[in-house]
Amino acid sequence: MKKIGRGIGLSFYGTGYGNGFPDVSKARVRLLEGGKVGIYVGGTEVGQGAKTVLTQIGAETLKMPVEDIVFVHEDTVHMPDAGTAAASRQTYNTGNAIRVACENFRNKLKELAREHLALNSIYGLKVENGKIYLDFFPQKSLSFEELFEKSSKGDIEAEGEFVAQTVMMEEETGQGAPYWPYTFNACGVELEVDTLTGLVEIRKAVFAQDVGRAINPHLVEGQMDGGFAMALGYVLFEDLNLKEGKINNNKFSKYLIPTAMDTLEIEKIIVEDPESTAPYGAKGIGEPTMIPVGPAILNAIYDAIGVRITELPVTPERLVKAIQEHEKEKGEVK
Amino acid sequence: MKKISLNVNGKDHILEVEEDMRLIDLLREKLGLTGVKEGCSEGECGACTVIMDGEVVNSCLVMAFQAEGSSILTIEGLGDEENIHPIQQAFIDVGAVQCGYCTPGMILAAKALLDKNPNPTEEEIREAISGNLCRCTGYNKIVQAIDRAKEVLR
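In the order they appear, the protein sequences are chains R and U.
Heads up: the first sequence runs through residues 1 to 334, numbered per the working numbering.
Heads up: the second sequence runs through residues 1001 to 1154, numbered per the working numbering.
What the hints contain is simulated information worked out from the structure, not anything from laboratory work.
Check each hint, because a few of them may be wrong.
Claimed, not checked - Looking from chain U toward chain R, a few residues come up when the C-beta cut is under 7 angstroms (computed):
(1) K1011
(2) H1013
(3) E1016
(4) C1040
(5) C1045
(6) F1065
(7) G1069
(8) G1095
(9) I1129
(10) S1130
(11) C1136
(12) T1137
(13) Y1139
(14) N1140
(15) K1141
(16) E1151
As the list claims (entries may be wrong) - Dumping the calculated DSBU-like pairs for lysine-lysine here, alpha-carbon to alpha-carbon at most 35 angstroms:
(17) R:K268 to U:K1150
(18) R:K268 to R:K246
(19) R:K2 to R:K51
(20) U:K1150 to R:K204
(21) R:K251 to U:K1030
(22) U:K1003 to U:K1030
(23) R:K150 to R:K2
(24) U:K1003 to R:K51
(25) U:K1116 to R:K268
(26) U:K1002 to U:K1116
(27) U:K1150 to R:K251
(28) R:K268 to R:K63
(29) R:K51 to R:K108
(30) U:K1116 to R:K126
(31) R:K328 to R:K204
(32) R:K150 to R:K110
(33) R:K330 to R:K36
(34) R:K330 to R:K51
(35) R:K36 to R:K204
(36) U:K1011 to R:K254
(37) R:K2 to R:K328
(38) R:K330 to R:K2
(39) R:K2 to R:K63
(40) R:K36 to R:K126
None of these values were measured; they are calculated from a predicted model.
Beta carbons are placed, not taken as given, at the ideal position from N, Cα and C, and that holds for glycine.
Next up, chain R with everything else stripped away, as it sits in the complex (with noise of 0.2 angstroms):
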């Protein structure tokens, strides 16, 4: 027989190492030939998008278009340290870093156009599209091409750090404030259970996530989509088959992982709740995507049989198992 039923989860996450762990991201940025700046930086792209929402901060911060961002990453000879890729934590600490780096680059520039237009002081010079200029006399103007020209060809640089403030739990209570910011997130499912055969179905999914600020929504749908097929998989097909500490199922063959019939379109709602601490107000989302779609699944499979499933992958096997058990159970109160 073939029920449907319905089920929610929900979640909130840590973002960063946390619990008092130094947790660390710097970035350098220089003036480059033609008035383009580089931004150096270690932190890892690894598709979720670092690259893209990085160089977007960076170009934000320096008013300027992102196509004159030079942004170089991934090869520790030529750039400061910036963590992992991890932790969900590049968005907020490393985009943190650029920003404070920027923000020491652009106070640079002024001090320079100071200098070279014989100004008094900064006050009043702006920096935006690749030249600083006095906001009530444009008039004087220095473009970063022309500083470039005029200095010593690429010594104009600034650094910037960003330190995550997050404070280490109490051993003996358990009190304290192991993460800061936290990210939260709603996750329901429609689902068909076929109690026959112990398949279950995804009919409709709906994904709510709270990103602070969607610096690239494209990218962040990208993430939402993409944890919860990875939750899909994890909750009902894959399966390590650990015995005896071996794995059993070490190949695609064995360890199923979805496909695109197995995944649908799922509807996505980016919440904006911009967080004061963050570049622009947004957060990390990499890992909590994954995490309220398997309380949401379990929670429609007991909403459509009435069972409640207490180890993963619920593959079809186990869940007949456990219907089966179930009726037994039912049967032995009557």
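Based on the hints, put chain U in the right spot on chain R.
Chain U in isolation, oriented as in the chain R frame:
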């Protein structure tokens, strides 16, 4: 050793190959076409997908000598930055690329589909790329990209 002749990305080649060489090794090592990715080496993941005489194949499961007389298309032959193919452009526009490892295979699977069926349904698109695993995207933007490319190509 065995001498074979084949056409790869529009160019004829005559090559000496070992009897136990796979097509993926011929493409990557003899011809330097590293857009052909090796994933699982057992025909499950589709990262090594190429188009052989109009059909998608996992080049890890085809022996090099079996390619004798055939015509092969890899991602390098589909388009490049100067001369980008509409499917590639659609992947960029929609944001269907994350880590990128599955992307060459995905695009070639899409090409083979659209060559045969210029107006596939969403279901047919999903089926056509079901032999290509992706761990990043959840497939939705890939499906959207192929759907968009189909409109451009028609």
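Hints versus structure:
{"no.": "1", "hint": "K1011", "result": "violated, 32 angstroms"}
{"no.": "2", "hint": "H1013", "result": "violated, 31 angstroms"}
{"no.": "3", "hint": "E1016", "result": "violated, 32 angstroms"}
{"no.": "4", "hint": "C1040", "result": "holds, 5 angstroms"}
{"no.": "5", "hint": "C1045", "result": "holds, 6 angstroms"}
{"no.": "6", "hint": "F1065", "result": "violated, 25 angstroms"}
{"no.": "7", "hint": "G1069", "result": "violated, 31 angstroms"}
{"no.": "8", "hint": "G1095", "result": "holds, 4 angstroms"}
{"no.": "9", "hint": "I1129", "result": "holds, 5 angstroms"}
{"no.": "10", "hint": "S1130", "result": "holds, 4 angstroms"}
{"no.": "11", "hint": "C1136", "result": "holds, 5 angstroms"}
{"no.": "12", "hint": "T1137", "result": "holds, 5 angstroms"}
{"no.": "13", "hint": "Y1139", "result": "holds, 4 angstroms"}
{"no.": "14", "hint": "N1140", "result": "holds, 5 angstroms"}
{"no.": "15", "hint": "K1141", "result": "holds, 6 angstroms"}
{"no.": "16", "hint": "E1151", "result": "violated, 17 angstroms"}
{"no.": "17", "hint": "R:K268 to U:K1150", "result": "holds, 24 angstroms"}
{"no.": "18", "hint": "R:K268 to R:K246", "result": "violated, 39 angstroms"}
{"no.": "19", "hint": "R:K2 to R:K51", "result": "violated, 46 angstroms"}
{"no.": "20", "hint": "U:K1150 to R:K204", "result": "holds, 25 angstroms"}
{"no.": "21", "hint": "R:K251 to U:K1030", "result": "holds, 28 angstroms"}
{"no.": "22", "hint": "U:K1003 to U:K1030", "result": "holds, 13 angstroms"}
{"no.": "23", "hint": "R:K150 to R:K2", "result": "violated, 75 angstroms"}
{"no.": "24", "hint": "U:K1003 to R:K51", "result": "violated, 45 angstroms"}
{"no.": "25", "hint": "U:K1116 to R:K268", "result": "holds, 32 angstroms"}
{"no.": "26", "hint": "U:K1002 to U:K1116", "result": "holds, 33 angstroms"}
{"no.": "27", "hint": "U:K1150 to R:K251", "result": "holds, 34 angstroms"}
{"no.": "28", "hint": "R:K268 to R:K63", "result": "holds, 30 angstroms"}
{"no.": "29", "hint": "R:K51 to R:K108", "result": "holds, 25 angstroms"}
{"no.": "30", "hint": "U:K1116 to R:K126", "result": "violated, 57 angstroms"}
{"no.": "31", "hint": "R:K328 to R:K204", "result": "holds, 31 angstroms"}
{"no.": "32", "hint": "R:K150 to R:K110", "result": "holds, 14 angstroms"}
{"no.": "33", "hint": "R:K330 to R:K36", "result": "violated, 72 angstroms"}
{"no.": "34", "hint": "R:K330 to R:K51", "result": "violated, 56 angstroms"}
{"no.": "35", "hint": "R:K36 to R:K204", "result": "violated, 47 angstroms"}
{"no.": "36", "hint": "U:K1011 to R:K254", "result": "violated, 38 angstroms"}
{"no.": "37", "hint": "R:K2 to R:K328", "result": "holds, 20 angstroms"}
{"no.": "38", "hint": "R:K330 to R:K2", "result": "holds, 20 angstroms"}
{"no.": "39", "hint": "R:K2 to R:K63", "result": "violated, 57 angstroms"}
{"no.": "40", "hint": "R:K36 to R:K126", "result": "holds, 17 angstroms"}
Going down the numbered hints, you'll see the structure goes against 1, 2, 3, 6, 7, 16, 18, 19, 23, 24, 30, 33, 34, 35, 36 and 39, while the others check out.
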